[in-house]
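Chains as they are written, first to last, in my numbering: chain A, 36 to 794; chain B, 36 to 794.
Be careful, since some hints might not be right.
As the list claims (entries may be wrong) - Once the Cα atoms are required to be at most 30 angstroms apart in a straight line, the calculated DSS-like pairs of lysine-lysine come out as: (1) K575/A / K419/B; (2) K419/A / K203/B; (3) K419/B / K279/A; (4) K419/A / K280/B; (5) K578/A / K521/B; (6) K203/B / K578/A; (7) K575/B / K468/A; (8) K521/B / K575/A.
Since the hints were derived computationally from the structure, they do not count as laboratory data.
Values in this document were obtained by computation on a predicted structure and should not be read as measured data.
Protein chains: 2
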Amino acid sequence: MKLKLKQLIVGIIVCFVIQSNAQNKLHTYVDPMIGSEGDGRVFIGPSCPFGMVKPSPDCTVSPNSGWLPMPKEVTGFSQVHVSGTGGGPKYGNIQIMPFSGELNKIDQTSFRQEENVKLGYYETVFKENQIKTEITTGEKVSFYRITYPKYVTKDLKIDPGFFLGEPKEPDPDAREAQQFVGSQIEIVSDTEVRGYSRIRGGWNNGRAYTVYFWAVFDQPIAKYVTWKDGKFYSNTSAQFDSGKKTGALLSFGKEGKQELNVKIGISFLSSLKAKNNIEVEIPHWNFNSVLSALENKWEQLLSRITISPDTSEDYKKMFYTGLYHTMIMPVDRTGENPLWTNDEPYYDDFYCIWDTFRTSSPLITIIDPDREVEIINAMLNIYKRDGYLPEGRSGNENGRTQGGSNAETVIADAFVKNLKGIDYELALKAMLKDAEVLPGGNEEKEGRGGLNEYLNLGYIPYGIDRAGNRTIDYAYNDYNIATVAKGLNHTAIYDRYIKQSEYWKNLWRADYEDNGSKGFIMPKDASGNWLDDVVFGESKIQKPTFKYTPTITESPWYVCHWCVFFYEGTSWEYSLSIPHHIPEVVARSGGDLAFKNRLDTFFEKELYDVSNEPSFLAPTMYHWIGRPDLSSDRIHTIIKNNFNSSPKGLPGNDDSGAMSSWLAFHMMGLYPNAGQPYYLINTPLIKEITFQLKGGKSFKISTKNLSDKKKYINSATLNGEPYNKAWILHEDIVNGGELILEMASKPSSWGTTMLPPTK
Amino acid sequence: MKLKLKQLIVGIIVCFVIQSNAQNKLHTYVDPMIGSEGDGRVFIGPSCPFGMVKPSPDCTVSPNSGWLPMPKEVTGFSQVHVSGTGGGPKYGNIQIMPFSGELNKIDQTSFRQEENVKLGYYETVFKENQIKTEITTGEKVSFYRITYPKYVTKDLKIDPGFFLGEPKEPDPDAREAQQFVGSQIEIVSDTEVRGYSRIRGGWNNGRAYTVYFWAVFDQPIAKYVTWKDGKFYSNTSAQFDSGKKTGALLSFGKEGKQELNVKIGISFLSSLKAKNNIEVEIPHWNFNSVLSALENKWEQLLSRITISPDTSEDYKKMFYTGLYHTMIMPVDRTGENPLWTNDEPYYDDFYCIWDTFRTSSPLITIIDPDREVEIINAMLNIYKRDGYLPEGRSGNENGRTQGGSNAETVIADAFVKNLKGIDYELALKAMLKDAEVLPGGNEEKEGRGGLNEYLNLGYIPYGIDRAGNRTIDYAYNDYNIATVAKGLNHTAIYDRYIKQSEYWKNLWRADYEDNGSKGFIMPKDASGNWLDDVVFGESKIQKPTFKYTPTITESPWYVCHWCVFFYEGTSWEYSLSIPHHIPEVVARSGGDLAFKNRLDTFFEKELYDVSNEPSFLAPTMYHWIGRPDLSSDRIHTIIKNNFNSSPKGLPGNDDSGAMSSWLAFHMMGLYPNAGQPYYLINTPLIKEITFQLKGGKSFKISTKNLSDKKKYINSATLNGEPYNKAWILHEDIVNGGELILEMASKPSSWGTTMLPPTK
């Protein structure tokens with residue numbers, strides 16, 4: 036008996052080691068540099084999953100993610116960033132910068148000689164002074180290992196006055212620009228510095244937020260100066276907040292070891308809480324163990340989707356980096372909410388849901404449904420305390436809508452996928468607030484701008500900002516409300532909202548032809564007249580007009596980006612973005628053949644915009660005319676032409692992982708129609724994918740004979756039974772099992788008859 | 036030459052002493068206890084003019100001002116309070132409590148044996164332990180002198196977890212209840228403690244605000260324990276914020292002097308800023324010099340209005356306490372704004388303008404026009420950064436409207452009184468935001484709830500909260516906008532708003548009779564039907580209705596206070612509250628005689644409510660039928676029956692000094708119609724009043740032969756010329772001079788013909 040137990044334990048350990056060896060590879064496929072150059076704008080520094088702290092170099096104050104490619108100079112390393120964003124920058128707080136020299140100037144800008152980035156790890160060596168900086172991070176604490184050359188002074192700047200996106204010419208009213216409010220610094224002891232940075236504005240034009248820090252060093256400070264408002268003070272250990280920029284230059288001398296370790300605890304409550312975050316999370320000085328802990332967290336998540344070992348290195352990198360990018364935002368700030376008691380989950384940096392509702396939320400739901408429940412509960416708490424669900428939110432404040440109130444879709448998606456632990460009655464109330472109460476005052480902050488017109492006319496008339504995409508988004512959001520109301524047996528609410536979900540039809544100009552296709556969402560005035568010519572800009576004197584067509588993009592720099600008929604897109608794109616009534620769009624386009632031609636024209640004449648979310652669903656729309664083969668063809672062409680594993684491997688802003696999750700889904704041969712309970716099935720890029728599901732079950736998607744030539748699904752089985760639908764319900768996945776796709780070199784009749792569900 | 040200089044200096048000193056002796060009496064007439072009992076709810080502790088810090092005992096967590104009369108127990112002394120308020124309490128932060136005993140319990144409640152209060156000074160001795168606490172204060176620093184009995188330990192509790200208005204049963208959603216968010220405490224050295232209190236909610240249902248402190252002691256801490264969440268920690272000098280209540284019990288031992296001095300710096304930015312506030316404002320330990328500095332500040336302000344030396348002691352107390360109460364709110368938080376850069380004036384605790392626009396703002400304009408300019412500029416900054424002018428604002432957030440958007444009246448009042456240093460073009464924009472952009476989301480936070488209906492129908496239909504008084508207030512606010520627009524030559528705006536200023540007429544039910552009078556503001560539905568019966572409460576089953584009459588008050592406890600037709604008043608009151616069209620109200624009431632009867636009925640049948648602001652103008656309305664004698668009679672009767680110099684000397688909530696400023700104006704024989712450039716002249720209660728005006732001029736109001744019998748104005752001269760109007764323009768006052776009122780025992784023809792202006 037004893038012996039047997041021993042053998043068992045040894046066996047378990049062996050298994051564990053093998054398994055852990057086998058699994059411990061996945062995170063190495065993550066390449067944080069994918070999408071870092073060009074328009075991707077991803078955050079390249081270390082981050083835990085949904086991690087609050089995101090340390091990274093800031094290469095000037097301009098870039099949204101802080102980083103820019105070499106040879107751009109480095110201003111310093113700050114602790115809070117966002118990933119993949121457009122619009123005005125946010126954060127870039129509590130910057131540090133190692134240097135060597137006199138403690139007499141604030142600017143310590145340096146150039147990089149080399150740079151190395153992997154998951155959880157950043158390293159650079161500065162050209163001028165050969166100082167090496169390595170960074171890793173915990174959830175709320177960043178960790179720096181700085182190696183100075185021999186015989187020079189080991190100096191460090193701490194600059195809580197720095198932030199990204201400061202206007203060059205001071206303009207306290209500048210839209211989307213971060214604005215300085217206050218900062219503070221205190222040298223607490225010879226190994227500790229505390230303080231904060233308080234900033235307002237930025238992308239979401241938000242109220243002031245405060246980032247507190249507590250920095251500790253493994254060597255004593257030998258000498259320091261502090262500054263305020265550009266003036267140095269050599270005998271002053273603290274600079275209190277008087278609305279001026281403050282900071283400190285620290286010197287650790289020339290003596291002792293060349294390696295200086297720095298931990299920076301961050302908190303949104305207080306410096307003491309930041310200190311506690313260090314004590315709880317990283318009580319030691321072991322850089323490598325912080326890095327391993329971070330790697331393990333990612334490994335644990337990434338290993339919930341395993342793929343065929345013979346997948347190409349490129350595909351492995353693209354796929355796991357896709358998962359990674361999907362899970363670095365929003366950020367988990369539970370315990371760090373300065374607005375209400377913080378024992379509930381709290382998330383910030385919804386940046387913004389217009390971007391992420393389509394694919395990011397559904398992907399998180401598959402990998403980590405408990406996390407999605409937490410995120411939605413945090414959204415409901417925001418509704419309860421701040422009055423509205425977030426659409427865009429950052430720095431602890433709602434701000435920015437781009438189209439719909441898309442939290443509705445996120446909630447409906449959770450509801451139809453049966454996520455437990457959400458108070459859906461409360462969620463319905465929150466959605467109805469969006470749908471029934473005009474936010475007013477600032478109609479782009481939250482809720483639904485133009486709501487009264489939408490409700491009174493059944494559409495938003497031209498002249499109200501983003502009339503086109505708001506109308507069609509609201510109609511889909513109303514469908515989401517109807518979905519939840521129906522499930523909760525609120526029949527009257529269902530009846531009302533299912534009716535309103537058809538309001539997109541009120542802007543469908545049926546006889547309008549363009550590029551051989553018929554029927555487009557087009558501008559209409561409040562009296563119900565279609566507008567061929569619309570007003571351009573805001574000139575009250577010349578009152579220019581222009582001919583509005585479905586291919587037109589309306590935003591030259593001197594017309595405000597958010598005042599146009601369609602936000603960041605054309606009528607060609609948005610007219611296809613009706614996710615709940617696609618058969619109706621097909622019919623209104625003239626039937627299957629006409630719709631096929633419409634889609635073909637869309638892609639072939641490059642009316643499709645790979646770089647932005649409104650076009651996300653379009654490549655799969657061939658499914659609704661019984662041609663899943665054409666969907667797969669489009670998707671594969673798009674990926675081949677626009678995505679790769681290089682720094683320029685994302686064709687547009689990653690938008691908190693939106694672009695990356697679109698890619699990850701398509702590599703698996705699945706695509707969600709968020710807010711609805713199914714995934715479309717396409718030809719995967721990866722031969723075998725296994726989901727490790729909550730509760731121990733797994734679901735496998737296997738292909739047979741997949742190759743560049745055999746790229747069409749010929750037949751399929753689900754758990755051994757023939758499966759003839761080109762879509763699969765979420766519940767079929769979570770029940771576990773196996774979907775086998777038998778591939779062939781030509782399209783077959785598979786998936787051509789039982790079209791995706793419409794209710 | 037030398038000698039002469041010496042003589043000159045001696046002369047100056049003698050003059051100064053004499054003058055200072057003569058003047059130094061005025062502040063002694065201030066009795067902070069007037070209005071402290073009953074409904075007055077004034078703050079009784081020390082406060083600088085518009086002072087940010089207001090230390091006072093908290094007698095349980097219930098009272099709005101903290102204080103209650105003996106024998107109620109004292110929970111402790113907190114540093115931030117408001118004065119005269121109704122609704123849910125706000126503030127009560129950073130409580131301290133001296134005690135003697137073991138450091139083992141948080142509750143150190145004591146009973147008072149005696150209590151002494153004068154301007155700038157509070158003193159009490161506790162019954163159980165004979166500890167004496169004396170308090171005075173600076174602008175941002177409170178100062179405690181605590182005297183312990185011999186041979187006992189000198190102990191002190193610091194409790195940043197305390198706040199007023201905490202619900203007994205925890206209910207995080209309770210309306211108007213302050214809610215705990217977080218707190219922190221650190222024993223910095225043996226003479227310093229820092230920390231903060233973070234609270235949300237309260238009267239204005241505001242976001243979280245943070246009160247930071249830095250406490251210093253003139254004796255070293257001998258021993259301490261800290262606590263978190265009710266648990267004591269004896270070796271822990273800091274309790275970081277984890278969303279739980281924290282605090283410390285300090286012991287200064289038995290040795291040394293019995294007197295412990297404590298300075299508590301307060302800041303809304305940081306603890307270090309609070310420390311700096313101490314260093315800048317009270318670098319010493321001299322209690323008496325802090326008190327003298329405070330007295331001098333008040334003396335300097337109060338002496339801008341001097342009165343006949345032979346005024347009765349009671350009247351002197353009532354008058355100067357009236358001025359005092361008018362100038363303790365809103366509070367000057369310049370340099371303490373955590374929301375945007377703080378080199379502009381910043382004021383908080385507009386609590387609320389619905390209360391203060393009528394008399395408080397006009398009185399500040401007379402005493403200290405520069406202050407009023409600062410306050411208005413702070414309001415405009417709030418509009419710029421937060422989107423709307425404040426109506427109610429506290430804890431750095433707008434919140435609560437009761438009727439109109441009365442900042443319009445405050446601005447118009449400044450405009451017609453020609454206050455310089457205000458950007459009136461910006462002010463007009465801010466007013467137009469109120470008038471044209473529905474706040475939405477939360478329609479009681481700011482701006483104008485029900486705006487769309489008001490604009491579409493010309494009135495707010497019954498069913499929308501406070502439809503009655505919102506309609507008539509908005510009409511007056513529109514008149515205020517028209518006033519400013521006209522002055523700035525914006526003709527189109529003027530034309531629109533002067534038209535809208537008549538919208539009150541749309542709710543005037545001309546043929547409705549009640550108590551012998553005709554024509555009342557009455558509820559109307561959206562289709563234009565007058566409602567005799569209106570819905571009561573929110574029952575969806577019984578749907579009860581009741582007969583709505585002009586004498587009815589609608590708010591039993593189970594109907595929400597803010598959902599009624601008229602907020603805190605009846606149609607009898609509000610139908611007279613049309614400050615811009617009084618001749619029209621007279622005409623619609625049936626002419627002069629009918630209107631006289633109407634007013635007589637109003638006062639004699641006690642339909643007039645002395646305790647609330649909607650009735651403020653009514654007693655002077657006899658002026659508009661050429662009977663200023665009757666106005667004076669009413670005013671004197673009202674004052675005699677309702678106001679005195681006792682703690683119960685105010686008949687209603689003082690509302691940040693609204694009630695007190697009403698009294699002060701009438702004691703001077705002047706009454707403003709805020710937003711319009713004149714004052715009504717009544718028989719003063721004080722024989723001689725002199726305004727020391729900005730720029731060195733003075734204006735004197737003298738009576739001749741004023742006595743209880745000779746109480747009617749027989750004739751008047753202004754600067755020696757006969758003056759026959761019962762009203763005077765603001766510019767006549769600021770130009771300096773003398774108004775002499777010749778009194779007689781019977782009403783004369785004085786003031787009966789040239790009625791107050793209407794444009």
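Status of each hint after checking the structure:
no.	hint	in the structure
1	K575/A / K419/B	24 angstroms, holds
2	K419/A / K203/B	21 angstroms, holds
3	K419/B / K279/A	21 angstroms, holds
4	K419/A / K280/B	23 angstroms, holds
5	K578/A / K521/B	28 angstroms, holds
6	K203/B / K578/A	62 angstroms, violated
7	K575/B / K468/A	20 angstroms, holds
8	K521/B / K575/A	23 angstroms, holds
Hint compliance for this structure: hint 6 alone is broken.
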